[in-house]
Amino acid sequence: MKFDNDEIKKIAHLARININEKEAIKVSEKLEGILGLIDQMTQVNTDCIEPMAHALDITQPFREDKVTEGDIREKSLKLSKETDQSLFIVPRVIE
Amino acid sequence: MLNLSLKELSECLKEKKFSSVELTHFFLNRLDLHNESINAFITIDKDKSLAMAKRSDEMIKEGNQNYLTGIPIAQKDIFCAEGWKTSCGSKMLDNFIAPYDSTVINKFNAVGAVNLGKTNMDEFAMGSSNETSFYGNVKNPWDIKTVPGGSSGGSAAAVAGRLAPAATATDTGGSIRQPASLCGLTGLKPTYGLVSRYGMIAFASSLDQAGPMCHTAEDCAAMMNVMSGHDPKDSTSILREKENYLTSINDPIKGLKIGIPKEFFSDGLEPEIEKIIEQGINEYKKLGAEIVEISLPNNHLSIPVYYVIAPAEASSNLSRYDGVRYGYRTKEYDDLMEMYCKTREEGFGDEVKRRIMIGTYVLSAGYYDAYYLKAQKIRRLISEDFKKAFENCDVILGPSAPSVAFPIGDKKEDPLKMYMQDVYTISTNLAGLPGLSMPAGLMNKLPVGIQLIGNYFSEAKLLNIANIFQMNTGWHNLSPEEFK
Amino acid sequence: MEWEVVIGIETHTQLKTESKIFSGASTNFGSEPNAHACLISLAYPGVLPVLNEEAVNCAIRFGLAVDAKIAEHSIFARKNYFYPDLPKGYQISQFELPVVGEGSLSISLGDENKRIRILRAHLEEDAGKSVHGIEEGKSGIDLNRAGTPLLEIVTEPDMSSAEEAVAYAKKLHELVQWIGICDGNMQEGNFRCDVNVSVKKKGDKKLGTRREIKNLNSFKFIKQAVDYEVNWQIEKLEDGGKIKQSTILFDPDSGETREMRSKEEANDYRYFPDPDLLPLVISQEKINTIKSEMYELPSQMKLKLVKEFGLSNYDADGITSNIDVANFFRELLSFKVSAKLASNWILTNLFSRLNESNIDIKNSPLRANKLAELILRIEDKTISNNAAKKVFDEIWDQDEKVDDVIEKLGLKQISNLNEVEDILNQVLQDNEAMVEEYKSGKDKAFNALIGQVMKASKGKANPGQVSQLLKDKLTD
Chain H
1 MKFDNDEIKK IAHLARININ EKEAIKVSEK LEGILGLIDQ MTQVNTDCIE PMAHALDITQ
61 PFREDKVTEG DIREKSLKLS KETDQSLFIV PRVIE
Chain A
1 MLNLSLKELS ECLKEKKFSS VELTHFFLNR LDLHNESINA FITIDKDKSL AMAKRSDEMI
61 KEGNQNYLTG IPIAQKDIFC AEGWKTSCGS KMLDNFIAPY DSTVINKFNA VGAVNLGKTN
121 MDEFAMGSSN ETSFYGNVKN PWDIKTVPGG SSGGSAAAVA GRLAPAATAT DTGGSIRQPA
181 SLCGLTGLKP TYGLVSRYGM IAFASSLDQA GPMCHTAEDC AAMMNVMSGH DPKDSTSILR
241 EKENYLTSIN DPIKGLKIGI PKEFFSDGLE PEIEKIIEQG INEYKKLGAE IVEISLPNNH
301 LSIPVYYVIA PAEASSNLSR YDGVRYGYRT KEYDDLMEMY CKTREEGFGD EVKRRIMIGT
361 YVLSAGYYDA YYLKAQKIRR LISEDFKKAF ENCDVILGPS APSVAFPIGD KKEDPLKMYM
421 QDVYTISTNL AGLPGLSMPA GLMNKLPVGI QLIGNYFSEA KLLNIANIFQ MNTGWHNLSP
481 EEFK
Chain F
1 MEWEVVIGIE THTQLKTESK IFSGASTNFG SEPNAHACLI SLAYPGVLPV LNEEAVNCAI
61 RFGLAVDAKI AEHSIFARKN YFYPDLPKGY QISQFELPVV GEGSLSISLG DENKRIRILR
121 AHLEEDAGKS VHGIEEGKSG IDLNRAGTPL LEIVTEPDMS SAEEAVAYAK KLHELVQWIG
181 ICDGNMQEGN FRCDVNVSVK KKGDKKLGTR REIKNLNSFK FIKQAVDYEV NWQIEKLEDG
241 GKIKQSTILF DPDSGETREM RSKEEANDYR YFPDPDLLPL VISQEKINTI KSEMYELPSQ
301 MKLKLVKEFG LSNYDADGIT SNIDVANFFR ELLSFKVSAK LASNWILTNL FSRLNESNID
361 IKNSPLRANK LAELILRIED KTISNNAAKK VFDEIWDQDE KVDDVIEKLG LKQISNLNEV
421 EDILNQVLQD NEAMVEEYKS GKDKAFNALI GQVMKASKGK ANPGQVSQLL KDKLTD
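Residue numbers (my numbering), protein chains in the order written: chain H, 1 to 95; chain A, 1 to 484; chain F, 1 to 476.
Pulled out of the complex, with its shape left as it was, chain H reads as follows (with noise of 0.2 Å):
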C-alpha cells in the first residue's frame, strides 16, 4: 500500500495537524510500514463473525434525569487561553 503526498495531506487535513512536505515524506514511510503489518488481516476469512466491540456482553445502563451538575465558570474559564464574557474565544467561525 502506498501513500501517496495527496493521500497524507488528505489525512493531515482531516486529523487538523499540520505537515510539511519533509514531514509527510518520513510519515508516509512510516505508515506504508504499518499498513503493511495491517493488512496480514486481509488473509482471514472472517464471513459470518460478529464484530466484538466491546468485551463482556452488557448493555448500556441509564442514568436518572436529575440535574447534577453546577455551574463551574470560575475554574472551566481559567483554564481556557483566551475568554471574554464567559466565552471562549477564537478567530471568527464563517458559516
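Please keep in mind that the hints were generated in silico from the structure rather than gathered at the bench.
Fair warning: there could be bad hints in the mix.
The calculated lysine to aspartate or glutamate pairs, modelled on EDC-like cross-linking and capped at a C-alpha distance of 20 Å, are [what the hints assert, rightly or not]:
no., chain 1, residue 1, chain 2, residue 2
1, A, K91, H, E7
2, A, K377, F, E96
3, H, K26, A, D414
4, H, K78, F, E32
5, H, K26, A, E345
6, H, K81, A, E338
7, F, K220, F, D251
8, H, K81, F, E135
9, F, K138, H, D57
10, H, K81, F, D85
11, A, K342, H, E21
12, H, K9, F, D268
13, A, K331, H, D84
14, H, K30, A, E332
15, H, K22, A, D350
16, A, K387, H, D57
17, H, K26, A, D350
18, F, K473, F, E421
19, A, K412, H, E29
20, A, K417, H, E32
21, H, K78, F, D268
22, H, K22, A, E413
23, H, K10, A, D414
24, A, K388, H, D57
25, H, K10, A, E293
26, H, K66, F, E53
27, H, K22, A, D334
28, H, K81, A, E345
29, F, K286, H, E64
30, F, K138, A, D334
31, H, K30, A, E413
32, H, K9, A, E82
33, H, K9, A, E351
Chain H is already provided as a structure; the job is to place chains A and F on it using the hints.
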C-alpha cells in the same frame, strides 16, 4: 521504610512506629536524591503530599485506618487529580491543572492514601519504552542506559528504584505488564470494566484499564481492593459484588491447571528468556500444578488488529485537544484552521501524530470495512481462542515481553520493532481478560517477567497463584544496586 | 417544461429533559454563557458519557406516535469533525442502528390527506453555539447547549411542494408537543428543520441532485426558502446548468438561499460505534409501560369526541388542535361538564378572549375549574346562557366565585314556575294587540311576546320555560 511491603507499612503506621508525615518525607527525600537520574516523576508537590499525610495521620489517630491509609502512592500522570498538573506526558497538557479527580484518585483519597506525585509516561500512553514523553526519557533503575518499558515507565521506574512503595499504572496493549517485566515488578491489568476509567485520560477506550504496579502480588491485591469497583460515571464499568483480593491470596494451588500456549514459544522468543520461563513452569510443577499445552492460533493477528483498533479510537479521543477550552494553543494564527492545525502539530509528539494519522486513515470513507470492522471481527476470533483455551486450563502462562530492558534509542526509529514488544500482551487487552506480570529471573542482570492470564474476573486467583510463586521464590525481592 | 419538486425533511427536536443526554448538566435555556457547561460538556480529558433515561423514553414515545418500529438493539456512534462548538471533536449520534425505525405521519391539505413516510429517528447530542460580534475577527463559544438531547427525525422524500413541507412541519411540531417530548419553541431553537430540495422533469424516474437548506426555524421561512430554492433550481436547469449537491442557508432578509462556506464540503465523518457507550437495549416491557402511560394521540382523541361525545368534526379538530387545548378540555370534563358545552365555551368565548389579549390557553387567566363552575350553573339552569356570558366577563381575570358573581349581578334565573306565570299573565294583559296578532297567524308575535316576558323579568326568566308556558297559554 525502604523495603517494607504495603502490609508492613500499614502495620507500622498502626503501631505508630512512624507517622504518615514521616513516611512521606522519607520517600520525598528519596525523590530528591534519585528522581533526576531516572526521571520517573513529572510532578512532585511536597506541600500537597505532606498536607495529605497530615490528614491521614489524623484519620489513623481517630481509629479510621484502612490498609492504605497514610501510605504514599505514586500516580501515573494519566489520572486527573484536582489541583494537580495532569499532563499525560504531553506538551498538549503541559499547562493543564485538572479541575476534577478521577475516580481512581478519588478512591485513594477516600482511604487516606497519600499522593506522592505524578509519574512520567509515554505521551498519551502510546509507547513501550517511555521514550515519547514530552518530559524526557525515563531510565530503568536496573541499568540507566536502558528503557524501563512503557507506557507506564515512570511508575515502574519509581517502584523499582524504591522511590515509591507502589504506583498506579494503565495498560492498553501491555503498558503495565511489559514495564513490570523490564523492571522486575509485579503488575496487574484487571478485567476490562473492573476499574473505572472516569478521569483516566483516554487512549483506546475499549482497551484501556488501570491497575497496580508493585513489588509483590500481595501489594497488588491491596491496591486492587481500593481501585476496583463499579462507577456509575463510567458506562463501561461492571456492576458486580465487590471482592476482597486478599482473602484467598494464600490458598494452596495444588491441582491448578496451567495452560502453555505453543504460539508464545516460537521463533520470536529469546532462548535465555525461554529458559527462565521454563524454570518458572518447573517451579509451578513443584508446587503441584499440572501443565497443559494449549493453542491460541490467532495470536499473531493481535498486533495488526491492535494497530487498527487502538489508533482508530485514539484518533477520535484526541480530537478534543484543539486549544479552544484548555491545554496548549499555538501562539500565532490568522484563522481557525491555522489555530487547529498548528496547535496539534506543535502540541503532539511524533508517535502520537503517527497513530492519529493511522487511526484517521482506517476509519476514513472506503476503509472502514476493510480495516476497523475487519479488526473487530478478528478480535472476536482472538477472544474465542481464549474461551476455548480456558475450557482446558485454569490459567495461561507465558512470557511478558520478548526482551529484557533494551538500550535507550534502540528501537525508537523503527515503530514496527517497538510494536513487537507487545506481542504477548496485546491479545489479553483485545479479549478484555486480566493479565499479570511478575519477576521470574534475570538475564544479563536485567529482570525477566513471567505472565499469567486468567479468565474474566479471576484477579483473585491470579494474585493467589502469583503470591504462592513469590512465597517460594525470591525474584521479587531483588533490587537494582544503586537504589538499595 | 413541467417540473416536479421532491422534498425530504430532517428535523432536529430538542427533547424536554431536565438534564443533558450524556451528563447531569442542566438544559435550561437563556442562562449566562457556559453556566451549564459541566466537565463533560467541556470535554475535559478523561470524562465519559452516561445515558439519560428520559431521552430514551422520549424517543420511544415518538416511535409509538408514528407507528414506527422501536429497535430492540441500537448503537451510539461517533460522528467525527472539528468545529469550535463541538468540544469533543465528535458528536455522539446514531448511524447504522437508530433507536426508531420506519413510521409515518399523515398531513392534510384542504380535503386531501397524504401519508409522509418517516425513515428513521435517532438520538444525538446538540452542539454548542458560536456568538459573533464580541470582538473583531473573533467568535465566542457558549457550550450551554452542547449535550442537549436531540431526536433527529428523517422523512423519505415524499413531499412535493412547499405547502406540503410546511404542512408536515406543522403536524410534526404539534405532535412532538402533544406527546410531551419537545417544547416546540422555535425561536429558542427547540425545533429546527433541514429541508432537502430537488427538482426533476415530470415523469422522470431518476431524482434530481438535491441541495439541503439548513436550520430553518419558522414555518414562514420554510415556505419562503423552498419557494426560492425551487425557482432557483428550475431556472438553473432550464439555462442548461447543473445542480451541485451542497448545503445552503436561507437568508430571511434577502429571501434567498446561498451556499455555506466550507463546513460540509465532502466531510468524512468516519462514523464508528462509540466505545464509551454500550448497546442500547429496549425491552418490549419498557415499550409497553411507556405506551400505557401515553395519552391518546390527536387522531384517536378526535375520533372519540365525534363518536362518543357527538362533537362535530370541526369542533373535534379545534379541541385536538394542540395539547394545551385538549388538556383544558379534559380538565373541564373532569368536573362533569358536558362535552358539547365544554367544547362550545372553549372554541367561542374562551378563544375569542384569548385571541384579543394574545395569550395562549396555557396562560389563560380563567382556569378550567372556574369555567367549569360557570358551565355547571348553566347546566343546572341557575342562569341562562346569556347571563352566563356576563358572568364570564366578570370572572375572566377576577378571582371571584361564580355563585358570588351571579348573586352580585342578580342574574339568577327565575325558575319558580308561579313567578314566571305571574309575569307572563301580566305581559299578556299588557300586550293584547300582540296576542291578537299571533292569533291571527303572525308567528313573529310569539317571539315578541317572549321578548316582553324576558324584559319584564329583567332577563331572569328561563326562555325555554317561558316559551313552553306561552305556548300552553295561547293554545287555550
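Checklist line | Structure versus earlier hints, numbers of those that do not hold, lowest first | finding: 1, 9, 14, 21, 23, 25, 27 and 32
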